[in-house]
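Peer 1: Residues per chain, in single letters:
Protein chains: 2
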Amino acid sequence: MDAEIIAVGSELLTPHRSDTNSLYLTSKLNSLGIEVRFKTIVGDDAERLGTVFRATFERSKLIILMGGLGPTEDDINRQAVANVLGLTLHEVPEVIERIAARYARTGRTMPANNARQALVPEGADWLPNKKGTAPGIWIERDGRIIIMLPGPPHELEAMFDEQCMPRLKDRVSGSQIRTRVLKVAGLPESEVDERIAPIYKPYSNPSTTILSTGGAIEVHLSAHGATQQEADALLDELTEKIEPALGDHIFSTSGETLEEIVGMYLVMKQKTLATAESCTGGLLSERITRVPGSSEYYLGGAVCYSNELKTRFAGVSPKLLETYGAVSKPVAQALAEGIRRKVQASIGIGITGIAGPGGGTDEKPVGMVFIAVADERGTEVREFRFPGDRERIRLLSSQFALEMLRRRIRN
Amino acid sequence: MDAEIIAVGSELLTPHRSDTNSLYLTSKLNSLGIEVRFKTIVGDDAERLGTVFRATFERSKLIILMGGLGPTEDDINRQAVANVLGLTLHEVPEVIERIAARYARTGRTMPANNARQALVPEGADWLPNKKGTAPGIWIERDGRIIIMLPGPPHELEAMFDEQCMPRLKDRVSGSQIRTRVLKVAGLPESEVDERIAPIYKPYSNPSTTILSTGGAIEVHLSAHGATQQEADALLDELTEKIEPALGDHIFSTSGETLEEIVGMYLVMKQKTLATAESCTGGLLSERITRVPGSSEYYLGGAVCYSNELKTRFAGVSPKLLETYGAVSKPVAQALAEGIRRKVQASIGIGITGIAGPGGGTDEKPVGMVFIAVADERGTEVREFRFPGDRERIRLLSSQFALEMLRRRIRN
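Heads up: the sequence lines are chains H and V, in that order.
When we follow my numbering, the leftmost residue of the first sequence carries the number 90, and every step to the right adds one.
When we follow my numbering, the leftmost residue of the second sequence carries the number 90, and every step to the right adds one.
Okay, chain H solo, but in the shape it has when bound (with noise of 0.2 angstroms):
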């Protein structure tokens, strides 16, 4: 089975959004071994929409359409699609039951124009939403599947997931796709290639992917197969000549963020974490508190941004804070120290550099970043000159913080 998928939204067409939403569902369907064969984007118009529908409703068995289903008159999905099938629109009592049970749940009361979103074809069956007010909508016709997923990334996500993965498993039979992603921390992309272009060039099945995404390096593996063992084989072979070119720079294969991986680390081992940051203003923490459960060992942690918070928070002297500068190794390790100590954790990490784009010298350029991890054993200091701009620098810094945290707590 071969899929399309229609994006909707004026905004799309802008030079200042993209559709992202496909590339997740793309993941998805080519897991089911389902390929993409056209991707569609066309703005919140009617008339438009229906030219696209109709084409692709001649050509492809599976069509997923995205977007257009809030609550306003823009969200014209539902309507363009019913009208292209010859459908009528019904309401279904439902639906709007639960959104606004939804709206009264947040001591709120439903505005009326939500009601559109209870608008389902006939003969079609609606897929709820557990993230959001509209509800996604399945229609099979002249064989053909058609399904309509709401914009809104986490709800599309939630849907397609829960949803729509199950019955298209159902449906789907032959040939399969399997993939797989090797995270790599602590290593610049060029040199994974160099490292690893060698082995997988060979291969055409598995196909290779490298792509930089938030700090990480992730190799992209991805097999087909008659069946899911025959494409989980290939992806094994591939994968064991890879692995000792990375060697420990590989912190994942199955998915999980670094910060989860330090996460569940941090439980194995049974220690608490407490973080001292200047240049990274909180987003160190914020990612180590993005994990569900981060309590059971995140302490908290300070964003010493002024050199006063530094002392006060993390008891770092305010002589070397003079004598060496804010930005300098001695301070990062007194903020490592300084943190561990007054919040009592067993690992202490201290982060100071220049984000930029101001404040940078000759000395101390913009990218100069310390990083320090303390624990009982001693304190390790790295120093950093990470290239971009003030979000890619923070970015690099709390990645670096959390690579060297890795590879501390593993020991």
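Hints were generated in silico from the structure; no laboratory data involved.
A few of these clues could be false.
Because identical chains share one entry, a pair is satisfied inside a single copy or across any pair of copies.
[Stated by the list, open to error] With a Cα cut of at most 25 angstroms, we get these calculated SDA-like pairs of lysine to any residue: (1) LYS431 / VAL416; (2) LYS150 / HIS105; (3) LYS360 / ARG496; (4) LYS117 / ARG479; (5) LYS272 / TYR192; (6) LYS117 / GLU480; (7) LYS358 / ARG187; (8) LYS272 / TYR289; (9) LYS330 / SER301; (10) LYS431 / PRO407; (11) LYS431 / GLY404; (12) LYS431 / THR400.
We have chain H; now place chain V onto it with these hints.
Peer 2: Only chain V this time, still in chain H's reference frame:
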């Protein structure tokens, strides 16, 4: 004149790659008053590309194809377009000479398959490529303009700017597109629409789109005019009608983020800020410090995940924690007042809540969040019930904290 863009390349149909060239082209086209109506992504398959191109040729006056001009068998654009238009391809000796010269400059010999790149449909112009080997192609036929550009961004951008923009400028009759974005805080999307739909509905120019993005609601207006001034006047007219309906919920009309607006107010009023976060885990401080120069007003804060740290860093009394529980109105107030006092800031913010997925009870469900803002005039505390998952609850908490702060310092 309306445009549509076709991106050709099988890699753009994988989970790992998305088309970004079209954002660049859209920005350039908009500056000429040309709107993009459709974008289609199709793999390296001559038959499928033919189907897509045939449909676009019927409905659009300007069609831009990207990619598929390389020297390999995969590069099918030249042939597929020529087939649909009933044109034959001929080899242009000058193009071959240029490609051979390019290779010679770097001491290499042109591979034989590069001659494919010199194939141009009869009657078409070829566009020199300063950054690579594949020339572009410009076809005019039946009142349509068809432009074929190479896929690599630096080749495409240079070629489009130098070769296509001047030609297109001559073709368009001066119509200009101008856009404006009103950013709204503190209202759900459906209420924003309910308030302003009666106002924007009668207008087709400007067109209006409402978007929900990262906790903020954005109202996008886009106007066409014979001149920039005319388009701006249309935007002014509609903006002046919409503004009273949303009142002071509009925090920006020139692109600033909520954290930037709050930063501008803090600088203007010469106030300093400190934060004490529990469930947001540092997200609020991270957002505040995304803004370059935030060290001027943000002193820092505490991420007090554990109760001990709520006491140590923000001076919350253990008795208060015991009596009301960590997630409570009095504790939010004590966090805000305590961090303000300890850090000696003009304003203190305290956040405590249950982000989930675990930790909720009937009395204190997941999504319950208390936010407090304390300054010299006293402390405001609000209770929220946020919908969604952990990530969304944390995001909305940080958003409403910034919005409470904005309202507080504005007055």
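Peer 1: Would you mind marking each hint as holding or not holding in the structure?
Peer 2: Consistency of the hints with the structure:
In this assembly of identical chains, the alpha carbons of LYS431 and VAL416 lie at most 25 angstroms apart whether taken from the same copy (21 angstroms) or from different copies (24 angstroms). Taking the shortest alpha-carbon separations for LYS150 and HIS105, only the inter-copy value of 23 angstroms comes in at or below 25 angstroms, while the best intra-copy value is 32 angstroms. Taking identical chains as interchangeable, the C-alpha atoms of LYS360 and ARG496 lie at most 25 angstroms apart only when both belong to the same chain, with a minimum of 14 angstroms there against 41 angstroms between chains. With identical chains, the CA atoms of LYS117 and ARG479 are at most 25 angstroms apart between copies only, with a shortest distance of 23 angstroms across copies and 34 angstroms within one.
For the homomeric pair LYS272 and TYR192, the shortest alpha-carbon distance between copies (23 angstroms) is at most 25 angstroms, but the shortest distance inside one copy (40 angstroms) is not. For a Cα distance limit of 25 angstroms, the shortest separation of LYS117 from GLU480 across copies, 21 angstroms, qualifies, whereas the shortest one inside one copy, 30 angstroms, does not. In the homo-oligomer, the alpha carbons of LYS358 and ARG187 never lie at most 25 angstroms apart, since the shortest distance is 44 angstroms inside one protomer and 46 angstroms across protomers. For the homomeric pair LYS272 and TYR289, the shortest alpha-carbon distance inside one copy (16 angstroms) is at most 25 angstroms, but the shortest distance between copies (47 angstroms) is not.
Within a single copy, LYS330 and SER301 get their C-alpha atoms as close as 21 angstroms, which meets the 25 angstroms cut-off; across copies the closest is 45 angstroms, which misses it. In the homo-oligomer, the alpha carbons of LYS431 and PRO407 lie at most 25 angstroms apart both inside one protomer (17 angstroms) and across protomers (17 angstroms), since each shortest distance falls under that limit. Proximity of LYS431 to GLY404 under the C-alpha cut-off of 25 angstroms is found in both arrangements, the shortest distances being 8 angstroms within a copy and 14 angstroms between copies. Taking the shortest alpha-carbon separations for LYS431 and THR400, both the intra-copy value of 11 angstroms and the inter-copy value of 12 angstroms come in at or below 25 angstroms.
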